[in-house]
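Asks: Taken in order, these protein sequences are the chains called L and Y. Just so you know, numbering that gives the first Met the number 0 puts 193 at position 194 of the first sequence, and the rest follows in order with no gaps. Just so you know, numbering that gives the first Met the number 0 puts 101 at position 102 of the second sequence, and the rest follows in order with no gaps.
Where hints are given, some of them may not hold.
One copy or two, either will do: identical chains are not told apart, so a pair holds if it fits within one copy or between any two.
What the hints assert, rightly or not - Straight-line C-alpha distance at most 27 Å; calculated DSSO-like pairs for lysine-lysine:
id	residue 1	residue 2
1	Lys227	Lys163
2	Lys30	Lys274
3	Lys133	Lys102
4	Lys17	Lys133
5	Lys133	Lys22
6	Lys26	Lys133
7	Lys274	Lys26
I should point out that these hints are in silico values taken from the structure, not numbers from a laboratory. Source: prediction; values computed, not measured.
2 protein chains.
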Amino acid sequence: MNIVGISTLRHGSVYSEKGIDVKTALKLAYKGLSLETLPKVEKGLSSLELIREKEYDVLIELTPTNLRTGEPGLTHIREGLLRGKHVVTTNKGPIALAYRELKSLAAKKNVKFRFEGTVMSGTPVITLTTEIIKGDYLEEVYGIVNGTNNFILTLMEQGLSFEKALHEAQRLGYAETDPSMDIEGWDAVAKATIIANVIMGGDIKVQSVEREGIEHLTSRRLKEALSKGRRIKHLIRVVRKQNSIEASVRVEEVDMSHILAHVMGAKNCLILNYKDLGEIAIYGPGAGGRETGQAVLSDILAIYT
Amino acid sequence: MNIVGISTLRHGSVYSEKGIDVKTALKLAYKGLSLETLPKVEKGLSSLELIREKEYDVLIELTPTNLRTGEPGLTHIREGLLRGKHVVTTNKGPIALAYRELKSLAAKKNVKFRFEGTVMSGTPVITLTTEIIKGDYLEEVYGIVNGTNNFILTLMEQGLSFEKALHEAQRLGYAETDPSMDIEGWDAVAKATIIANVIMGGDIKVQSVEREGIEHLTSRRLKEALSKGRRIKHLIRVVRKQNSIEASVRVEEVDMSHILAHVMGAKNCLILNYKDLGEIAIYGPGAGGRETGQAVLSDILAIYT
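Please construct the entire structure, taking both the sequences and the accompanying hints into account.
Replies: Shown next as structure tokens:
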């Protein structure tokens, strides 16, 4: 496998049809230097120029999520698919906003479009539910899909205020400098939409997902719940109704006898409620560079097997 | 999909190349009657005659596990594969005793050989680890794979003696009249062997698995652990060493902060420890007719996709 082009926001853009020396590129990036100091590479092309004009087999789209426009990821993916290239992405925006369009474009061009890293990073819940469990009927998916919020709630239960817990999450790199995507529930809304549309065959919009964040919670509220044998968790629920799929992101009290009450720190856990199998849970990392990288690698390998 | 032949221990044996009326066959079986009262079917053939002489595409092998000889399942599977038929089984014996032989026979005959139902019934841990998570390195698998024992331990923690808890498990159909396979740890040994050889690429023997049962445990021992913030669980561990795979079945004290401490009743849970992904857990039913049936259905559908 050869990486022939890399386009970044802060480290420049390089292309070489013979492949780029990835180890040296990584060293440069870690040092904060531009990749354009690499020898024998074409430099300075924009992402779209790379995607539209250069030769490659698979486009790996890793720009950040924008839930309003899906950009720039949406255009990147669309242009890659239009050229008949396989696409792998970890960007939630394009999937939450335009899954049906991108899926049918990929089918029309007879290429693969995979995005395991958009939900639970490397924990393969999308492949598990869409390719592995067959001949059963998925009635509901619920659980914890935002590791940052779960980490904050874990600290608040120990007595930290919301602000101090958020600060600690930021210090450790779990939360962004602008934490609103996580704490206001937007990240969970994106994931609930992806689950509804990709896993459960729905066609819901991000705007239709009921949303509650965790900003209003207090350490005292968490402790009160605990004294009654319950834990406050930030949960998504995606439920199959008669003729539709409904999704919500809410703060809920979970009884201690439930496995979700014991998912602590930055971990994620989804419960898949099947008609015949009953409840299956999948638990694992929800974020992290290595973990999300593993999702991308798994997707690339799945294209070629 | 047509079921063309059924061979049973107590309800006779029937074959029809046009397909058997399964609904009527099920009604007869529920009533304790012989399938041989069905109209227009060939009757009285032995399992081996059916497997060797009749026409079919997939052999579904569902006889009980025998960990000494693997029979009669082992011969059934071998004969099916030798004829170039796909085979699906839920029988742990042949996989624990002769996986490499059967796997290479299937490869030689260019047919599929699937057995998802042998570990965690319908919870698809074998497919997840061998077909989905790619490009990572599985260092250890550990967890709860025997729902009967976990159910007994759950009752003992509430104060029941081992004998009373076992009796209750038998009354509810979780434990067999002869419960030794479960309580002495043999069922877990079979599953640990399958995980070692199928998922982790080992070549270990059932006899090499360190084995401890749960018969010697007392309700008092469980409560003592609980008072120290730990729960007694019956765990398998399959670990990759330098040049080998080692497997054990043991009673262990699990700290309450670990997700395995919260797997109660007849549920199963396996922790998959990957080099890049870290720990992923898969939790779900460990037994049951519908659940194991779902594993068989999933395997059949996977053969044809």
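Asks: Decide, hint by hint, whether the structure agrees.
Replies: Against the structure, the hints:
no., hint, verdict
1, Lys227 to Lys163, "within (25 Å within a copy, 31 Å between copies)"
2, Lys30 to Lys274, "between (52 Å within a copy, 26 Å between copies)"
3, Lys133 to Lys102, "both (20 Å within a copy, 23 Å between copies)"
4, Lys17 to Lys133, "between (41 Å within a copy, 26 Å between copies)"
5, Lys133 to Lys22, "between (41 Å within a copy, 22 Å between copies)"
6, Lys26 to Lys133, "between (44 Å within a copy, 26 Å between copies)"
7, Lys274 to Lys26, "between (50 Å within a copy, 22 Å between copies)"
Figure legend: structure checked against the earlier numbered hints; every hint is met.
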